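J.: One-letter residues, chain by chain:
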Amino acid sequence: MNHAVKASKFIEDIERTKWHNDALWFLRQKRDRISDTIPEWEDLREKASLIKDHVISNLDEYLIEFENNAIRNGIKVHWAIDGEEHNRTVYDILKNHNVTKVVKSKSMLTEECHLNPFLEEKGIEVVDTDLGERIIQFRNEPPSHIVVPAIHLKKEEIGELFEEKLNTEKGNSDPQYLTEEARQHLREKFLEAEAGITGVNFAVASEGGVVVCTNEGNADLGTNLPPIHIACMGLEKIVPGKEELAVFLRLLARSATGQPITTYTSHFFGPRKDGEMHIIIVDNGRSKILGEEDFKKSLACIRCGACINTCPIYRRSGGHSYGYVIPGPIGSVLAPHYNMKKHQSLPFASTLCGSCTNVCPVKIDLHHQLLKWREVLTQQGFIKPSKKLMMKLMGIALNSSTLYGIAAFFAKSLRWMPRFMIYHSLNKWGNQREIPEPAKESFKTAFKKHKKSK
Amino acid sequence: MTVGLFIPCYIDQFYPQVGMATVKLLEKFGIDFEYPFEQTCCGQPMANSGCTSDAKKVAEKFYNEFINYDQIICPSGSCVAMIKHQYPHLLPDKDIKPLSEKTYELVEFLTEISEINQLEVSYPHKVGIHQSCHGLRELKLASATELRIDSYNKVETLLKKVKDIEIISLDRSDECCGFGGMFSTYEEAISCSMGNDRIQDHLKHQATIITGVDMSCLMHLEGLIKRQKSPLQVKHIAEILVGEQ
Amino acid sequence: MSREEILNRIKQSKTENNLSLPSLDIGITYDDSIIAFCESLKSVAGEMLEEADLENYIKALEHKYGAMKFLNTYVSKEINNPLIPIQMESPHDAKRLDILVIEGLNGIAENGAIWIEEPILYPRSAIFLTQHLIIFLKKTTILNNLHEFYQQANFHEKNYGTLISGPSKTADVEQCLVIGAHGSRSLAVVLID
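Residue numbers (the numbering used here), protein chains in the order written: chain A, 1 to 454; chain B, 1001 to 1245; chain C, 2001 to 2193.
Just chain A, same shape as in the assembly (with noise of 0.2 Å):
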């Protein structure tokens, strides 16, 4: 199903659109207003993209350095080609220790992986600890943000999931004794895992270790108590030194949720006491993505999700409508490299308003790729042949002044036209809009006259 179809879906209950439109907005604003107090902010956006070009430039050096500098600190270091090689890594790790209770921290990663389904087929009961990923992990579906993954859940919603799942008291859907309840029921499961897995925010060349940020402590607790650590990255979260990490770390938790960093800021650049650390650099299709000159910027994304928040169709169509992990605008890049055919839809998303791209602290030409994609799909194929015809036939009448104006006559024609003719269930502009009406003589008509009478 492609996005128009879903979206139309989402829309119709026009109250819950409202809520969740504004919802998101709130966050923009967030973002808004706490880039505000930093003065440099659009010199430091500049910073990180340069930074990023030179990592996308030199990544297999940096690489190569960063395992290093792992290994040197007691690190185990795994490379994955694809999702498969990343959840068969996983499971051996956990498999050569006997782990049958994995808790893991918010990853979209292991999301693309899928390796929740895959440790859960293998009897590896896999929790999720962010609040909002346990949350649709009770409900079974995907996220619908990478920040804010149950952001198109209302609270009473959540209260009945937690009655059902928690044994919460029925009919509290106070979002204060909801979050209780869950640190009472997670405080448990942290206890009793007997390993952690965390993505990545960003994995620190010159250093050989990663950092983790989260809220809600989620990432901490799920390492600092198991001795096994594993954290999963893609092979893009790079940066050289500990110097640019500030520039992104100043970057991401303002363009995420407005704040001035997330509270916490874990560097993991060693395996704990008694412990044991893993590091798995991923892959999965992103040496493609290296190759596409049109589309390797895509690959400096920090995951902070502010192109979502902004992005006014993502707001009132929510995540599930992409159909992809990664929802919005950045997903809608993403998704076709991975499957064009069934991700075709996604770079039509847009109104190319460019609200994306003007947010992205790294930025990302999201809306100029979204715009190059639909050349790229177009070429191969993956175009109504109807609209096709129709851009044809108007490329054709466009290039001829003649022709034109026998295009002309036919918009004139509209005119008298009876109603039912031009507002009908194909006519997508006449569902909820009036047609405008053809001038009695066109500009080209009126001109000509003015010239005389002068």
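To be clear, the hints were calculated from the coordinates, so they are not data collected in a lab.
On a predicted model such as this, the values are computed, not experimentally measured, just so you know.
Treat each hint with caution, since some may be false.
[Claimed, not checked] Derived DEER-like restraints, expressed as beta-carbon distance ranges: (1) B:K1140 <-> A:R72: 47 to 57 Å; (2) C:K2011 <-> A:N172: 51 to 61 Å; (3) A:E164 <-> C:I2034: 44 to 54 Å; (4) C:T2140 <-> B:N1117: 34 to 44 Å; (5) A:P39 <-> B:K1161: 44 to 54 Å; (6) C:L2019 <-> B:Y1063: 30 to 40 Å; (7) A:M1 <-> B:Q1200: 45 to 55 Å; (8) C:A2060 <-> B:T1157: 27 to 37 Å; (9) A:M1 <-> C:I2034: 35 to 45 Å.
[Unchecked claim] Straight-line alpha carbon distances no greater than 16 Å define the calculated EDC-like cross-link-like pairs of lysine to aspartate or glutamate that follow: (10) C:K2011 <-> A:E434; (11) A:K452 <-> B:D1150; (12) C:K2011 <-> A:E188; (13) A:K155 <-> C:E2174; (14) A:K448 <-> B:E1034; (15) C:K2011 <-> A:E293; (16) B:K1229 <-> A:E434; (17) C:K2095 <-> A:E61; (18) C:K2139 <-> C:E2039; (19) A:K454 <-> B:E1101; (20) A:K273 <-> C:E2118.
We treat Cβ as the ideally placed atom computed from N, Cα and C, and that holds for glycine.
We have chain A already, so just place chains B and C on it with the hints.
T.: Relative to chain A, chains B and C alone:
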């Protein structure tokens, strides 16, 4: 010094009064201009749908018709953005820089090039400005709310030179109206929802007129307004600048 | 080996250019970084505390959250408190902890964060399992921004460190900010000379 006037296809067919208002403005300020009658379109509908080869031919036609003018003026931010930002990609064998540097959206031209001070027209209405995305974020006619730069707004600055006009402020001053070319029919539901939200914002702040630099966005909003039989009206900025009530 | 395959793919894909790293001579500075730090801390739901008020603060916590039993302190100063310490040998032992008092190494004015390094005397988990966290911080260690922090930071031979900015929090239920997610329910900072 001759200026070439480019009137986009949909203005020619549906909103000739906007083209004529532009003509009046240029005449009023004594700008020597020509209107090449062979012109049709900039090619944006095809380019934005991904039909690059169809767009390329139209772009070539535009290039040949306008390259010899000293300046090119067009009362549409979207079409000018197309020429400036997409032509280099569509016509890689041509040097687009001279063309793109001398192509101006009308407001840009009036505020920067001719530095107009007084308009001597009155427009006693409550007007809301619709910042069209291409005018705002591609041509940078105003500072977008996402950016942390000094705030400015060329459209508003120009409108404020009109007597008796009252410009209202909006809750979301530069959110997209949902037109987006083919998007308006491809994602009809979202498109109309976005348009309605814009209209509500203007109504909430008691606007009676919505204006802007892009008639395409205004056409979309007008379609919704007319269907809902709302008292709001849309006017292209050129119409207000010549005092058309 | 996937390692070689991945590195080869990157080598083939990447475009060679001489893009260098930008200079990082940026960062907001404050007339009074201590005042700025306090304001930032407040904005992230942290509290400022005078050393002399510690006992009252614990009473206030008990008033709000109920009676407390265990407090461990790892600051060089002797502090008066009515609670008792627990043995913390394994990471799991920290689960009973009500209050943990530790020292921070740096404060950062722009975001109210405090740098805590790999603890030697207690398990890392204690920082997150404790119900309440109190951090002693020397005023002289407060820096303007993260650039200053990372320029002077030395992570050599250090396995772990974390920047903590306020108590744990979440807004995952309908965007409502709730303090006390998985980590500490409160965070107080005692500035010392």
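J.: If a hint holds in the structure, say so; if it doesn't, say that too.
T.: Hints versus structure:
Separated by about 49 Å at the C-beta atoms, K1140 of chain B and R72 of chain A satisfy the suggested range of 47 to 57 Å. K2011 of chain C and N172 of chain A have their C-beta atoms about 57 Å apart, which keeps the hinted 51 to 61 Å range intact. For the pair E164 of chain A and I2034 of chain C, the beta carbons lie near 50 Å from each other, so the given range of 44 to 54 Å is met. Checked against the hint of 34 to 44 Å, the C-beta distance between T2140 of chain C and N1117 of chain B comes to roughly 58 Å, which is inconsistent with it.
Evaluation of the 44 to 54 Å hint for P39 of chain A and K1161 of chain B yields a failure: the beta carbon distance comes to about 32 Å. The hinted window of 30 to 40 Å between L2019 of chain C and Y1063 of chain B holds, with their beta carbons roughly 33 Å apart. A beta carbon spacing of about 29 Å between M1 of chain A and Q1200 of chain B contradicts the range 45 to 55 Å that was offered as a hint. One distance hint, 27 to 37 Å for the beta-carbon pair A2060 of chain C and T1157 of chain B, is violated here, with the actual separation near 55 Å.
Range check, M1 of chain A to I2034 of chain C: about 57 Å between beta-carbon atoms, so the 35 to 45 Å window is missed. Between the alpha carbons of K2011 of chain C and E434 of chain A the distance comes to roughly 55 Å, so the proposed pair goes past 16 Å and is violated. As the CA atoms of K452 of chain A and D1150 of chain B are separated by approximately 47 Å, the hinted pair breaks the 16 Å bound. About 46 Å separates the Cα atoms of K2011 of chain C and E188 of chain A, which puts this hinted pair outside 16 Å; it is violated.
At roughly 6 Å between alpha-carbon atoms, K155 of chain A and E2174 of chain C fall within 16 Å of each other, so this suggested pair holds. Taking the CA atoms of K448 of chain A and E1034 of chain B, the gap is about 12 Å. The hint holds against a cut of 16 Å. Only pairs whose Cα atoms come within 16 Å are accepted, and K2011 of chain C paired with E293 of chain A is accepted, the gap being roughly 14 Å. Annotation: proposed proximity of K1229 of chain B to E434 of chain A holds, straight-line Cα distance about 10 Å (limit 16 Å).
For the given pair, K2095 of chain C sits about 43 Å from E61 of chain A by alpha-carbon distance, which is inconsistent with the 16 Å threshold. Restraint check for K2139 of chain C and E2039 of chain C: the C-alpha separation of about 14 Å stays at or below 16 Å, so the hint holds. Pair hint K454 of chain A plus E1101 of chain B does not hold up; C-alpha atoms about 32 Å apart against a cutoff of 16 Å. At most 16 Å may separate the alpha-carbon atoms for a hinted pair to count; K273 of chain A and E2118 of chain C meet this at roughly 10 Å.
Checked against the numbered hints above, the structure breaks hints 4, 5, 7, 8, 9, 10, 11, 12, 17 and 19 and satisfies the rest.
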